[in-house]
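Student: Sequence:
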Amino acid sequence: MDEKGIGKNEPVVLQELDENGFLATVYEGTSSGDMSLRQATGSSTFAEIRKNGEILQSLINIFLPTGYPHSVSADYLDYQIYDTIQAFSSSIVGLFANRAVLGAVGVGDDSATSTSALFMKILQDSVGRLGTILFAWRLGSTLEPECKKYRFVADLVNDSAYLFDCFTTLFPASKRVKVFCMCMSGALRSICGVMAGGSRAALTQHFTDPVKGSIADVNAKDQSQETVITLLGMLTGSLVVGFVSSEGTQMWFTVLSLLSIHLWTNYQAVAHVVARTLNRQRTNIVFSDIVNALPEIEQTHAADADSARAMSRLLLTPKRTCLKERILESDGLLRWYPTTGSDAIVGHAKYGSFKSMMELVPPSISIAELLEACDSKTSGYVLFFQVLRHSGRVNIRICLTNNSNITFNPDIRAWVHALLLARKLHAGAKKTNQVFTHPLDAISESRTTVLKLFDELHIEDALQKAGWELERNSVQSSPNPSIKISHIEELKNV
1 MDEKGIGKNE PVVLQELDEN GFLATVYEGT SSGDMSLRQA TGSSTFAEIR
51 KNGEILQSLI NIFLPTGYPH SVSADYLDYQ IYDTIQAFSS SIVGLFANRA
101 VLGAVGVGDD SATSTSALFM KILQDSVGRL GTILFAWRLG STLEPECKKY
151 RFVADLVNDS AYLFDCFTTL FPASKRVKVF CMCMSGALRS ICGVMAGGSR
201 AALTQHFTDP VKGSIADVNA KDQSQETVIT LLGMLTGSLV VGFVSSEGTQ
251 MWFTVLSLLS IHLWTNYQAV AHVVARTLNR QRTNIVFSDI VNALPEIEQT
301 HAADADSARA MSRLLLTPKR TCLKERILES DGLLRWYPTT GSDAIVGHAK
351 YGSFKSMMEL VPPSISIAEL LEACDSKTSG YVLFFQVLRH SGRVNIRICL
401 TNNSNITFNP DIRAWVHALL LARKLHAGAK KTNQVFTHPL DAISESRTTV
451 LKLFDELHIE DALQKAGWEL ERNSVQSSPN PSIKISHIEE LKNV
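Quick note: the sequence shown uses UniProt numbering, first residue 1, plus one each step.
A portion of the hints provided could be inaccurate.
[What the hints assert, rightly or not] Using 25 Å as the maximum straight-line C-alpha spacing, the simulated BS3-like pairs for lysine-lysine come out as follows:
1. 465 - 212
2. 465 - 452
3. 424 - 324
Don't read these hints as lab results, they were simulated from the structure.
Input sequences plus hints: build the corresponding full structure.
Tutor: Here it is, written out as structure tokens:
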């Protein structure tokens, strides 16, 4: 080889990279005639498939995202397997529901007219569209942080719509009942559309690798998969519907069996999603574990130079947290997870207005005292509580402050404060002697633990090292008002 580069007759080694930048093939030779090709050691899985199975590779290119598996998260395939089965069973049930609706609008009835059938369809669609608007207004912002729950609930609602369609076969002589069932199915199906669309968009964002993936491509391939599965389900369903009567025990057994498969596979699909953002439930799980292991975490922080990485080994990862999640967890629950034994609900918390929070504050406590106990100017929030006598659970209201000097997100800190406060008060309510003589003492003491976690130990850095994405706000599930704290003298100068 001369000083300028490779010699004319010297062999050249070329390394070909696959779609994700991984070494796939190595070419070696001096010209095209004597060029040898060998599979690269440690190459990607799909380079091997490209070599041995052109048909399989073509199917992968059509139905899986470009660059799979590196362009999506590790839980993508598990989710898609269960999602495929649930879509298949749902499409078969849909044929039974459509047959029932056609009978309800008068198909096969000589006394029915096309105009009456049209009006029934218009009424069903109108109710459904109104339901779409109402539900999107009320719960649209909660779909992303609770995407796993609403993805499952969407199909639960959709299956309920199928049942209402099938109920029309039970009342062949009652037009009012048939209209009611069709309107209910339309409303439920519209609610399903909103929940499924919003939660599916959030899941698509979750599955897509931010560097190597494309949200548009993942979504497009998901639609391709669903189209094929739906077609196969319709073909299979055409055979099943031909053998099963439109009413009676046989029809209901078939429909309920398919719906059971549909719901089970859908539950398994969302249960296998390993979410990397902290919503309210995952915050309860992760910070319960952190507080339980706090002495060990403090020792690790003091002993290790790279404290964030060392502490991250002691924290729950998104995958381990996924195993403890409840898909249908009620919104706003404060649930404590001990080291041993079963978890327990210790209270309920809600973000809201300053007025809703002050409804819990007795007249004996001034606003200034409450703000000082919460350290609201530096914490970014104010909270207060009410202990329910019959259950010992704690009802907490949180109000965020509008402070431009705060550089962190106060949502997680406020929720952790509420969790620690509820745990302490719930434990004290079970005893005859109360731990705190004044409610502000409980707020101040739990606030001390929050400061230790976030300001001394910098637990957020360790959480990011453990795989959590804290940039996206998922704790506060809907927009809420905030307050700006000022003195009367300051307001006079405005």
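Student: Are residue 465 and residue 452 close enough, with their CA atoms no more than 25 Å apart?
Tutor: Distance ~19 Å between residue 465 and residue 452 Cα, so the pair holds.
Student: With the threshold set at 25 Å, check whether the alpha-carbon distance from residue 424 to residue 324 stays at or below it.
Tutor: Status holds; Cα separation ~22 Å.
Student: Is residue 465 within 25 Å of residue 212, Cα to Cα?
Tutor: holds, 20 Å
Checked against the numbered hints above, the structure violates none of them.
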